[in-house]
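**Q** Each chain, written out:
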Amino acid sequence: MSPTGIWDSIDRAPLIVRDVLVSFLPDAWQGLANDILIAATVTVVFATIFALLTILERKGLARIQNRPGPNRVGIPFTKIRLGGFGQPLADAVKMILKEDIVPTSADKVLHFIAPVILIVSTLLSLAVIPLGRHLLPLELEAAVLYFFAAGAISELAVFTAGWGSHNKYSLVGAMRALAQMLSYELPLVLAIIPVIMLTGTLSTSAIVDAQGSWSLGGFLPAWHVFTPWGFAAFAIFVVASFAEANRSPFDLPEAESEIIAGHLTEYSGFKYALFFMAEYFGMCALAGLGVTLFLGGWHAPFSALEFLPSWFWFFAKLFMMLGLFIWVRGTLPRLRMDQLTRFAWKLMVPLALCNLVNAAFWHLSAGWDSPGGLALRWVLSIAIIATPFLLLSRSLFAGLGPRTYKYAP
Amino acid sequence: MILLAAISFLILASAAVAITRRNLIHAALWLVVSWFGVALFFLWAGAQFIGFVQVLVYVGAVSMIMLFAMLLTRQGRVPVEMLTLKAEKRIASGVLLVSAVFGVIAGCILGTDFPVTEASAASSVTLVRIGESLMNDHAVALLAMGALLTVALIGAVYIASSGEEDAS
Amino acid sequence: MTPLHLCLLLSTGLFCLGLVAVLARGNAILVLLGVELMLNAANINFIAFWRFGNPSNATDAPILVLFSIAIAAAEAAVGLALVIAIYRHQRNVRVEDATRLKG
Chain A
1 MSPTGIWDSI
11 DRAPLIVRDV
21 LVSFLPDAWQ
31 GLANDILIAA
41 TVTVVFATIF
51 ALLTILERKG
61 LARIQNRPGP
71 NRVGIPFTKI
81 RLGGFGQPLA
91 DAVKMILKED
101 IVPTSADKVL
111 HFIAPVILIV
121 STLLSLAVIP
131 LGRHLLPLEL
141 EAAVLYFFAA
151 GAISELAVFT
161 AGWGSHNKYS
171 LVGAMRALAQ
181 MLSYELPLVL
191 AIIPVIMLTG
201 TLSTSAIVDA
211 QGSWSLGGFL
221 PAWHVFTPWG
231 FAAFAIFVVA
241 SFAEANRSPF
251 DLPEAESEII
261 AGHLTEYSGF
271 KYALFFMAEY
281 FGMCALAGLG
291 VTLFLGGWHA
301 PFSALEFLPS
311 WFWFFAKLFM
321 MLGLFIWVRG
331 TLPRLRMDQL
341 TRFAWKLMVP
351 LALCNLVNAA
361 FWHLSAGWDS
371 PGGLALRWVL
381 SIAIIATPFL
391 LLSRSLFAGL
401 GPRTYKYAP
Chain B
1 MILLAAISFL
11 ILASAAVAIT
21 RRNLIHAALW
31 LVVSWFGVAL
41 FFLWAGAQFI
51 GFVQVLVYVG
61 AVSMIMLFAM
71 LLTRQGRVPV
81 EMLTLKAEKR
91 IASGVLLVSA
101 VFGVIAGCIL
111 GTDFPVTEAS
121 AASSVTLVRI
131 GESLMNDHAV
141 ALLAMGALLT
151 VALIGAVYIA
161 SSGEEDAS
Chain C
1 MTPLHLCLLL
11 STGLFCLGLV
21 AVLARGNAIL
31 VLLGVELMLN
41 AANINFIAFW
51 RFGNPSNATD
61 APILVLFSIA
71 IAAAEAAVGL
81 ALVIAIYRHQ
91 RNVRVEDATR
101 LKG
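Protein chains in written order, with our numbering: chain A, 1 to 409; chain B, 1 to 168; chain C, 1 to 103.
The hints are simulated quantities; they were obtained by calculation from the structure and are not laboratory data. Owing to the predicted nature of the structure, the values given are computational and were not obtained by experimental measurement. Relax, there's no trap hidden among the hints.
Covered stretches of chain A, going by a simulated chain B footprint (3 or more residues, C-beta under 8 Å):
| id | region |
| --- | --- |
| 1 | 135-142 |
| 2 | 155-161 |
Partner residues are not named here, just some residues of chain A that face chain B (Cβ under 8 Å, in silico):
| id | residue |
| --- | --- |
| 3 | Leu-145 |
| 4 | Tyr-146 |
| 5 | Phe-148 |
| 6 | Ala-149 |
| 7 | Ala-152 |
| 8 | Leu-202 |
These stretches of chain B come out as covered by chain C in the derived footprint (C-beta under 8 Å, 3 or more residues):
| id | region |
| --- | --- |
| 9 | 10-22 |
| 10 | 38-51 |
Built from N, CA and C at the ideal position, the CB exists for glycine as well.
With the sequences and hints as input, model every part of the structure.
**A** Given below as structure tokens:
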């Protein structure tokens, strides 16, 4: 079902460019040049997405809040406004030129390397997301495990930032951020385990290949999100990735009205920009992982559209997920620390475990092919996950009724 | 061989620096560098799965436990105590004893001729085989490990928090 | 000196460094740090023999190292909880002060 002819060449375009560039060098250096080129390309692509994302987020939030958003900065040194889409350039110049203040009693080395470790860990985790049919930067057998190992390093960076600032509030903010990241790492991993269980592999390219078929005459893709367990797992994954990326409604660690700015209090200038960039890279990495594991990776939604380049579909789905992140940020209010941890441990972890049972049931009932059997399979599968969800959520949030207002007499 | 020597130097040097630091947080962070070196060693040897698990568990979790414990026991400040005579004697005797141990073991290692087979085990072990072996042959051990981790963590939480009633 | 010898010397060196930390430092947390180093040294030893050794039962060594890493994590958690409990009792974490069985 892969594209042929001219469409195949467009699909392979980055590879063709890479081959041309690498062929200029002698044979012994070609492997190293290949690796450097791949790393540089991933960095540049995601840095561009980061720049685009900042302006999209500001405009998107602004429209949700019924205001125009940045609309002055266009092409520099001209009067063309471009609707404000030159804002990333202005932001970059501002961040680079801002003074880099380090507190005198701070631990200089720790204060310096914290944003570096954070950026390195998020860039490393981006290496196993397949960006297209032939565009997987790093082919690993245990790719999903590698993704989580790279994400685990970022917790160390948050602690180092909080400790290295030599500031009580930074430390408390770092502890809160760590508690949040650790609490939500568990539902994140538990939500992914059904996918690994049912595809039998940890390799991202194999998982994308397993979602590459269509049923119902080429109109229903075999993506994991279109199964009951996959939908529940995707929902848990999306909520947990909001928390892992410190995005609203879980952005307590970096909210402006909380503990100044948490672990980012003593950072300014380019180091702050690096933290910001690392947060957005983490968001892209988690969104990319969600697209890979649940939304079919680089496959087209309809088999007739498979001729379009695979990287186009991947980035389209990625931007849809990022749009979801921005939309939720603009819509939902922030959770308090205790509400947050209660939500993770009491609601999401049991639901993720029930979903595991659900996925096992789905796999074991794979032979129920008749229409009646299929309907029964779907009903039972939905019941296995919906019943605990309804019961748990009712019992956990009982007593927190609708808000009643008392006005002064 | 050169790569192995470089990885060994990284592991041993960062571990040696870690145990001589007076600031405990710095010691823990140098230890994290050493754990990264061990993960690189596992990757060099072809045990990808174990290398990633090493990073995930040690760097991601055990380092957090150690740093939290250091903060909860107020070890963040560099201690101002001088090196007493008892401490010096303890350090000297420790280093002497350990050098003797190292000498004995290293002598035994260098004197043994290990039969190194050409076909290394690394190439034939895939992740699927490890998973199947884990779930079929070692299922009891896996379940026991799960029970042990649960009990250990419940116990750790209880021990660490039981002081709130009897604040002396 | 084959690569296997170098790996084993690395493992021994790391083990001895951990042993020095356990014997010579007076802080309970550093003792636990030394224990972690010793466990890492044992894991390196296993993987070294798996890499250069006999390929029958080739999945046993990675599984054993996996269990060893898991147990090391559990033991670090329990050990550090004990250190916190000792600190609450005697207000410091020096090993030489924790000499009484009943507080």
